[in-house]
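Residue numbers (the working numbering), protein chains in the order written: chain Z, 1 to 540; chain W, 1001 to 1213; chain S, 2001 to 2091.
The set of hints was computed from the structure by calculation and includes no laboratory data. Just so it is clear, the structure is predicted and the values come from calculations on it, not from any experiment. Hints may be right or wrong, so weigh each one.
Mimicking SDA-like on lysine to any residue, the simulated pairs with C-alpha atoms at most 20 Å apart in a straight line are [as the list claims (entries may be wrong)]:
no. : chain 1 : residue 1 : chain 2 : residue 2
1   : W       : Lys1047   : S       : Phe2079
2   : W       : Lys1180   : W       : Thr1166
3   : W       : Lys1133   : W       : Pro1049
4   : Z       : Lys68     : Z       : Gly136
5   : W       : Lys1133   : Z       : Asp241
6   : W       : Lys1047   : Z       : Lys113
7   : Z       : Lys113    : W       : Asn1183
8   : W       : Lys1047   : Z       : Gly136
9   : Z       : Lys113    : W       : Asp1011
10  : W       : Lys1047   : S       : Ser2061
11  : Z       : Lys113    : W       : Pro1049
12  : Z       : Lys113    : W       : Lys1133
For reference, the chains in residue letters:
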Amino acid sequence: MANIDGAPAVTDYLQTGWRARDWFLSTDHKRVAILYLLSITFFFFIGGLAATLIRVELLTPPSNLVSKDVFNRLFTMHGVIMVWFFLIPSIPTTIGNFVIPLMIGARDLAFPKLNLFSWYLFSAGGLFTLGAIILGGVDTGWTFYTPYSSFYAHSAVVLVILGIVVAGFGSILTGLNFIVTVHTMRAPGMGWFQLPLFIWSHYATSLILVLATPILAITLLLVGIERVWQYGIFEPSLGGDPLLFQHLFWFYSHPAVYIMVLPAMGVVSEIVPCFARKHIFGYHFIAFASLAIATYGFLVWGHHMFVSGQSPYASLIFSALSFLVAVPSAIKVFNWTATLHKGYIHLRTPMLYALGFIGLFVIGGLTGLFLASTALDVHVHDTYFVVSHFHYIMVGGAVMGYLGAIHFWWPKMSGRRYPEGWGIFAAILLFVGFNLTFFPQFLLGYGGMVRRIAEYAPGFQVLNVMSTAGASILGVGYVLPLAYLLWTLRRPPDAGPNPWFATGLEWQTSSPPPKHNFLAAPQVGEPYDYAEMPRDIPWS
Amino acid sequence: METPVEMQFDDPAQQREASALGMWTFLASEVLFFGGVFTGYSIYRWKYPHAFAEASHHLYEWIGAVNTAILLTSSLFIALAVQALHTERPRRAWRLIIATLICGLAFLSLKAVEYWMDYQEGLVPGVRFDASKFTDPAPATLFFTFYFSMTGLHAAHVISGLLVLTVIGITLRRATDPGKYANSLENGALFWHLVDIIWIFLFPLLYLIGGPK
Amino acid sequence: MTGGPRTATLYWTAVALGLLLGGTIVATEFLGRAGPTVNLVIAAVKAALVAVVFMHLRWSSPLQRLFAGAAFFWLAILFALTFADYLTRRA
Chain Z
1 MANIDGAPAV
11 TDYLQTGWRA
21 RDWFLSTDHK
31 RVAILYLLSI
41 TFFFFIGGLA
51 ATLIRVELLT
61 PPSNLVSKDV
71 FNRLFTMHGV
81 IMVWFFLIPS
91 IPTTIGNFVI
101 PLMIGARDLA
111 FPKLNLFSWY
121 LFSAGGLFTL
131 GAIILGGVDT
141 GWTFYTPYSS
151 FYAHSAVVLV
161 ILGIVVAGFG
171 SILTGLNFIV
181 TVHTMRAPGM
191 GWFQLPLFIW
201 SHYATSLILV
211 LATPILAITL
221 LLVGIERVWQ
231 YGIFEPSLGG
241 DPLLFQHLFW
251 FYSHPAVYIM
261 VLPAMGVVSE
271 IVPCFARKHI
281 FGYHFIAFAS
291 LAIATYGFLV
301 WGHHMFVSGQ
311 SPYASLIFSA
321 LSFLVAVPSA
331 IKVFNWTATL
341 HKGYIHLRTP
351 MLYALGFIGL
361 FVIGGLTGLF
371 LASTALDVHV
381 HDTYFVVSHF
391 HYIMVGGAVM
401 GYLGAIHFWW
411 PKMSGRRYPE
421 GWGIFAAILL
431 FVGFNLTFFP
441 QFLLGYGGMV
451 RRIAEYAPGF
461 QVLNVMSTAG
471 ASILGVGYVL
481 PLAYLLWTLR
491 RPPDAGPNPW
501 FATGLEWQTS
511 SPPPKHNFLA
521 APQVGEPYDY
531 AEMPRDIPWS
Chain W
1001 METPVEMQFD
1011 DPAQQREASA
1021 LGMWTFLASE
1031 VLFFGGVFTG
1041 YSIYRWKYPH
1051 AFAEASHHLY
1061 EWIGAVNTAI
1071 LLTSSLFIAL
1081 AVQALHTERP
1091 RRAWRLIIAT
1101 LICGLAFLSL
1111 KAVEYWMDYQ
1121 EGLVPGVRFD
1131 ASKFTDPAPA
1141 TLFFTFYFSM
1151 TGLHAAHVIS
1161 GLLVLTVIGI
1171 TLRRATDPGK
1181 YANSLENGAL
1191 FWHLVDIIWI
1201 FLFPLLYLIG
1211 GPK
Chain S
2001 MTGGPRTATL
2011 YWTAVALGLL
2021 LGGTIVATEF
2031 LGRAGPTVNL
2041 VIAAVKAALV
2051 AVVFMHLRWS
2061 SPLQRLFAGA
2071 AFFWLAILFA
2081 LTFADYLTRR
2091 A
């Protein structure tokens, strides 16, 4: 079948074989990306199911839908699945895997077999975790604080730990792959400052993946050793210090939140120039800010431990450092805003998600500053204020970035265009639902509602009902793209190589791309050269 | 005489560079992995200096020292093997790989003997632990927990390294063009050297903090 | 591979490592309280020799050396800031 621009028919990557082994043994980065896409979508809905049950339980003050023990398992599994089996892999393994080689003009990543192996590790880890869910789940919170997790929890802790460690190893290998790819496989003429900012973000993310995840692995393994052999590594009565666990855990888990948000920032840096038809403002600032966020993010983990018994002097240091870490993120927000200024704005679905990201990330980020202040944190730690803060960034930010990316690159990945009307509707619905769900939670937290509880004081009910109402809208908003994107697959691919008139090498090949990405060597130029592109993006 | 160039690479130089960078990135992750447990150990060592020194005395320093010498020698052997393959002497490379494997097996054997002796002495927390040996049993237990965890993890890496080098060695031995596996041998050697480096730090931290016997 | 050590360099490095190992034993026996610190320094030197000579960092690209260094630098962050808590606790 010929491409819409009349180019000769070439088998695209989707058509090259449909036996099981052509998909499950394919080292083609585009197919591995699709495998990941299917897996993480599955886990997203599992985690979402847990969230649904949580929000329904919280409609009423007493714990009447589920017991408190089951509630503990619900919020734990929601956290574990959403963090490690959805957010951390999401953009890098689906969009990143697909688009990074295309963006640099390569035929594949540096290590295609390792890439497939990463997916198998991820899936194995996922299976262990699903097994743990079937065995009743875990009730320790996604943070596995000791000594509860190692000595006193009666739940499938070791199985979940194994799942996370195995999946984590897969993520280390993905980061390794990206780092080496960006260093060694750029097309001739593509220097570091000709790279799209999506690549800079993913390079920065990969640094964190490689340097932080091993600490998570060893820390969880130590908890497992403690649990299996009843050793007292973090148990006070045996001379251990629970705070040591927290130091080791958060040394990974704080940078982990940057693993979750940096890729979404990279997505925004691609979408905003395209739909404002303008060169990105401050390319170098955004590039270096990505590296700054990744490296600097390793210095602030103690802000999760202000009330745990950490020394006040260490808390002061971490507090000061935490204020500073907002700076590179703010620089990015200013640059995106400056890009929008006097741009020719097209409010298409990807742009709506990008704009949503910017606004909601600002709110989430600012509330992070409140939490960085030790005095304020004493009041709001372990309340819904914290829950809302990180959901503004993770959901309002990262998930919106993910959906924006899916829509932006859907034509490239599938060769089909999604129905724009439905896209816009779903994006708006998600924005409304999101704010209705999570804004009340700031008020709840500041008003004193503690997190991780199934039973709360009656005065908090009104805001909880609002939050659950918002969550139901969110749920609809998430199902819609799943439905209409799948629906687009009924048509043959007709999107053409560059439906958005975007810059970037991935748009110089057909949609979907052929197996080895480019039939002719792509033209490398300066990135975001939108002055050379048509001003209007056609509707269809 | 060169490793065949895979589809995604443009030329052998690019492939070699990618291979080396990839291996170093993986080694970096391993340094952080062990670094986590080293950090935990260091915190407790700082917190319980006397209990840890006393506990360390019960370890068999001479076994640790001999094992250190064995691993250092094995590093020499594998480095020579890499050089041999590069200078187109595959049979010498094969013999040196065998020498490395022998060293590795010797290390593991001594370790097994040492673990058995530790068990006999009642130094294995949770399994057979004689708390009466120590003035302060709780931190002593902590010491031995870290000792077994750290040396156990290290031993697991020794075993992995031996398996990898065995596979590479056999492949080399059977190949008509052994030079194709130069990259693999280099990477395997890098892993082995890392295992050596980890032990270089483990030995003084675990065995020698007690001072003279 | 851009370059590599000569055979003699490899053997001399092994000798140096052996001597340093001996030094460690001596330091433990005779240096008392300074022993552990000296031992750590010796260990660092041994590790550096293995890395620079056996692992060819002396003949590698600057990027590979950067990657090797970065790992230890990041570990230093973990050490430093964790100890910052413990060292400043009043209890």
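Status of each hint after checking the structure:
no., hint, in the structure
1, W/Lys1047 to S/Phe2079, "holds, 14 Å"
2, W/Lys1180 to W/Thr1166, "holds, 16 Å"
3, W/Lys1133 to W/Pro1049, "holds, 17 Å"
4, Z/Lys68 to Z/Gly136, "holds, 14 Å"
5, W/Lys1133 to Z/Asp241, "violated, 23 Å"
6, W/Lys1047 to Z/Lys113, "violated, 46 Å"
7, Z/Lys113 to W/Asn1183, "holds, 16 Å"
8, W/Lys1047 to Z/Gly136, "violated, 38 Å"
9, Z/Lys113 to W/Asp1011, "holds, 18 Å"
10, W/Lys1047 to S/Ser2061, "violated, 41 Å"
11, Z/Lys113 to W/Pro1049, "violated, 48 Å"
12, Z/Lys113 to W/Lys1133, "violated, 52 Å"
Hint compliance for this structure: hints 5, 6, 8, 10, 11, 12 are broken, all remaining hints hold.
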